[in-house]
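Colleague: Chains as they are written, first to last, in our numbering: chain A, 1 to 364; chain B, 365 to 709; chain C, 710 to 1029.
Please keep in mind that the hints were generated in silico from the structure rather than gathered at the bench. Misleading hints may appear alongside valid ones.
[To be verified] BS3-like cross-link-like pairs, simulated, lysine-lysine; straight-line CA separation at most 30 Å:
| no. | chain 1 | residue 1 | chain 2 | residue 2 |
| --- | --- | --- | --- | --- |
| 1 | A | 145 | B | 371 |
| 2 | C | 757 | B | 507 |
| 3 | A | 83 | A | 41 |
| 4 | B | 507 | C | 755 |
| 5 | A | 169 | B | 623 |
[Stated by the list, open to error] Sample of chain C residues lacking proximity to chain B, with all beta carbon distances greater than 12 Å (derived):
| no. | residue |
| --- | --- |
| 6 | 763 |
| 7 | 770 |
| 8 | 782 |
| 9 | 910 |
| 10 | 922 |
[Stated by the list, open to error] Just some of the chain A residues that point at chain B, by a computed CB distance under 7 Å:
| no. | residue |
| --- | --- |
| 11 | 76 |
| 12 | 79 |
| 13 | 81 |
| 14 | 105 |
| 15 | 108 |
| 16 | 114 |
| 17 | 116 |
| 18 | 122 |
| 19 | 135 |
| 20 | 171 |
Yeah, the Cβ is synthetic: ideal placement off N, Cα and C, and Gly gets one too.
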Amino acid sequence: MARKKNDNWVELKDQPVPEGSHLLEVDDLKMYFHTQDGVVKAVDGVSYTLDRGETLGVVGESGSGKSVTSLTIMGLIDMPPGKIEGGDVRYRGKSLLEMSEHEMEHIRGNDIAMIFQDPMTSLNPVYTIGRQLGEGLRLHRGYTKEQATERSIELLRMVGIPNAEQRVKDYPHEFSGGMRQRVMIAMALACDPDILIADEPTTALDVTIQAQIIELMKEMQEKNGNAIIMITHDLGVVADVADKIMVMYAGSPVEFGTADEIFYGASHPYTWGLIRSIPKQVKDEKKPLTPIKGNPPSLVNAPKGCPFSPRCPYAQDICRNKKPEPHFVGEGHYTKCHFASDPDFIKKNAPSTSRTQNAEGGEQ
Amino acid sequence: MGKYILKRILQFIPVFLGVTLILFAMENIVPGDPIKLMAGEKKLDPQTEVTLRASYHLIETDDNGQPVYDESGNTIETPMWKRYVFYVSGLLHGDLGTSYQRSGQPVADILAQKYPYTIRLSICAILLEAIVGIGAGMVSAIKRYSFWDILVTLVTSILVAMPAFWFGMLLQLFFGIVLKDVTGGGFYLPISGAGGPNAEFNDWVYYILPAMTLAAVSTAYCARIMRSQLLEVLNQDYIRTARAKGLSRRDVIWHHALKNALIPVVTYIGIDFGAMMAGAILTETVFNWPGVGYETYRAITQRDWPIVLGSVTVIVVVVMVINLLVDVSYAFLDPRIRYGAGKNE
Amino acid sequence: MATESKKDMETMTESQVKVEASAQAEDLSAAPARTLWGDAWKRLRKNKLAIFGAIWIIFMILVALTADLWVPQTLGSPTEADSTTMAQMSRLAPSAEHPFGTDTLGRDVLCRVIYGARISLAVGVLATAISTLIGLVMGALAAYYGGIWDTIIMRLADIFLAFPYTLFVIAMLAVIGSGIQNVFVAIGILGWPSIARVFRSAILSVKENDYVDAARAMGASDFRIIARHIFPNSVASIVVYATMNIGGAILTESALSYLGMGVVPPDPSWGIMIQDGQTYLATQPWLMLMPGLAILTTVLAFTLLGDGLRDALDVKMKDA
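The following block holds chain A by itself, in its conformation from the complex:
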């Protein structure tokens, strides 16, 4: 199964990042699904940059396009029905979208690896853990079966699986959910990738296990220096790991900034909604959480104006008729809201975690 190494093959991972560009640059990426019922604008103008050692949190509800964006970057969307409608994805200065399928296979798992939501179904039930762990190594590194097994045991140990020599011969169903997610992480990190995309890595796990998995990912990142893209619907999950946060809604980012900027200086009503729905650790006060009313819009017949306008409590006529342009609140912190430039609007409506409110003391 090992791929024959072409002598002229350049290992992209060993190349320096070109001057003036980032490890990963996503530039106004658009990917639409062409279905019988119309065009689904699943990814509609996503941009961000990422460097080694950084963690980007991508937050949004189901159907907001966060997973599809990363699957598009990985080239794992079936085309058709998917189709790239514009933009670019550059890894170490090279466009991933222009690469051949064969080149992409080399990128996947080797340079960019991915962990999925449900560890129970993400491992092949009929093969041993060892075989599945070693597969990437045999493919990308040309390891022999023995070398791969040896490395697999090391990897399992690294992610904290006891009795790794025995466990490597076990089948996925013999592992618990948390253990499987550890295996998934080990598998993703096997070839020492630059970027680890974690798609809701903790959603399917018990709360007690969730923290362990996040901790493990952080630990691995400190060791390997890889970048992480953490996709989640739960703003709380990325709170203490993400350097930057991108809030997505209906296929495009509505707010982008550092973790601090998002948590304490959010200026988009949707971000406020997400913040309000995080349970607070206040013991003596039982306040109901504030849900965001309604459902994400259909991506086929998207609203004409701001996609959030049908659910936005502050929506005006302009919101329903005109798409908002990014408004830069600070350097690198932008919001797609018509009223983001109005400090009074923000002061009046932002939730209490907001810096401004804290300074002035209390909600209204």
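Knowing the structure of chain A, use the given hints to seat chains B and C on it.
Modeller: Just chains B and C now, with coordinates in the frame of chain A:
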């Protein structure tokens, strides 16, 4: 595993008794006296008739097999339950009974004569089914919505809707008559016994058309199951994981999808093999094939119930054994079951 | 499969995206009262093959029902042969006058195919009705009362299914004698186990629902619960199963008649016509081709309709 097999065998016993009991009841309801049918036009002399009846346990006998008479000097008919006990105890001694017709041959001998034809035909058909069915299903799933997919869907729908015997005739029509110049007409007439001294071809050539006929419907089902299984497996999360690892589409299909998709298909093929071993009445009739199915059918029409009972008994046991083997092999193909049943953590 | 609910829209496959997108589109258009059958009809209408099957079935039924009104006048009798003209009329090739040709006795093959449709459709529908009825009762008893009922009925189903099917039907006919009534009785009686299994598992999955508990808490009788609460929820799978079963019953009837165990000549059954035509395979192949095509198209029509209904009603079937 041993416990599981034992449990299955124990579960099978009531089913087996039920099947034979129903057949026994049928024999008793069916009109016509077997001994009279046996004699046909000739009149049997009363003494021979009584001896015959005694030998088939149709009348009560003493320990030496001599008929027992009541006060008025008539023979006493054996009640059905008693004959059933005789039958089952015979089975336990490996005795399947004796044919009414076929000049009183033991049923076991007749079946031993017929089974080789059925087994050979079944093996040919099952190979055809596995190769063509799995192949077509794979192509269909991998090239979904392509010309090939539509073709496979169309052909399988037609095969399933076709009477198997009619398909056999179509094959004869095509290979025997339309292609007469190529085949020398050798495929036209129903083939009896395959080969033989005047055969124009090697023996195995005569297996082609009957095997195709026998396999037609199951091949269609096999292709459909393979297609839907493969499509379902290709939708699984672990396939995406494998792709994200950098495996090519091809590797993913061959190394990750196929094994998972094949598990239910292998089960289907195994069970189908059992069904084929039960004899294919229609295929055997169209091709005049001297197998078990045709023999059993002949026995039913001629009221030769010992053969019907004997062959159904064998068929039911064979089918049960094959199904059990399929179950056991299933456990070996799918590690989840293997460990679930055996080694407990 | 267990994770389907967890999967979000983004990771959906192509077909799921379609469904989701259309569901959303329907949401937006604020569709009027949505019912299972209304939705199913909408989906079925889009399935060209299923509609084609339905049209063919309706056509066959109309032709079969009205046959007495026009067939004998134009094509002659399906059963009786005219001995005076038999010699000239025997096994004529298809022509304008006899579109499907004539058989050995000089009877018009088209005419016999049309009358054969009556028998095939009648056997298909009646046999399915019998096995569905028995299957429903058995399945309901087994699933609803469980315990010993379940064990006995399911063991009985195992016994029936353990028989080689064709042999069993033939043996049955040997006991009760051939003829059209006996054919559909035999097929019907032997067909119950599969329907019973389908209905049983349908009930078992519905039985655990809260509304059944609620009904029971309100004092509804068992029969009422089954009839009013459980049956409507399993009716989709029964309809799909019965539709497909009709095709199977037609095939079985043709096989029995071909073997000479089914419909008694001179009644025109497609199976008998194929059997008659086999002798003349080399010289007059249309004698077996035409009735065979009739079986093929009819069974195919029921399969296509059944497939369409299954997709439209979203019924999960265990076997392909």
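Colleague: Does each hint fit the structure? Answer for all of them.
Modeller: Here is what the structure says about each hint:
Among the hinted pairs, residue 145(A) with residue 371(B) is inconsistent with the structure: their alpha-carbon atoms are about 40 Å apart, more than 30 Å. Only pairs whose Cα atoms come within 30 Å are accepted, and residue 757(C) paired with residue 507(B) is accepted, the gap being roughly 22 Å. Annotation: proposed proximity of residue 83(A) to residue 41(A) holds, straight-line Cα distance about 10 Å (limit 30 Å). About 23 Å separates the Cα atoms of residue 507(B) and residue 755(C), which keeps this hinted pair within 30 Å; it holds.
Using a Cα cut-off of 30 Å, the hinted pair residue 169(A) and residue 623(B) holds, with the two alpha carbons roughly 18 Å apart. Taking the minimum C-beta to C-beta distance to chain B, about 15 Å, the non-interface status of residue 763(C) holds against the 12 Å cut. No Cβ of chain B comes within 12 Å of the Cβ of residue 770(C); the nearest lies about 18 Å off, and the non-interface call holds. Against chain B, the non-interface label of residue 782(C) holds: every CB pair exceeds 12 Å, the least being about 30 Å.
Every C-beta of chain B lies more than 12 Å from that of residue 910(C), the closest at about 18 Å, which supports listing it as non-interface. With 12 Å as the threshold on Cβ separation, the claim that residue 922(C) sits away from chain B holds: the shortest Cβ distance comes to roughly 32 Å. Given hint, residue 76(A) at the interface with chain B, holds; its Cβ is 6 Å from that chain's nearest Cβ, closer than 7 Å. A distance limit of 7 Å between C-beta atoms decides the matter here; for residue 79(A) the minimum to chain B is near 13 Å, and the interface restraint is violated.
Taken as an interface hint, residue 81(A) does not check out: its beta carbon lies about 11 Å from the nearest beta carbon of chain B, beyond 7 Å. Against a cut-off of 7 Å between C-beta atoms, the interface hint on residue 105(A) holds, since the closest Cβ of chain B lies about 5 Å away. Annotation: interface hint on residue 108(A) holds; nearest CB of chain B at approximately 4 Å, less than 7 Å. With 7 Å as the threshold, the beta carbon of residue 114(A) comes within range of chain B, its nearest partner Cβ sitting at about 4 Å, so the hint holds.
With a cut of 7 Å, the hint placing residue 116(A) at the interface with chain B holds, because the nearest CB-to-CB distance is about 6 Å. Taking 7 Å as the C-beta cut-off, the interface hint given for residue 122(A) holds, the closest approach to chain B being about 4 Å. Among the interface hints, the one on residue 135(A) holds; its C-beta lies about 6 Å from the nearest C-beta in chain B, closer than the 7 Å criterion. Proximity of residue 171(A) to chain B holds as hinted, the smallest CB-CB distance being about 4 Å (cut-off 7 Å).
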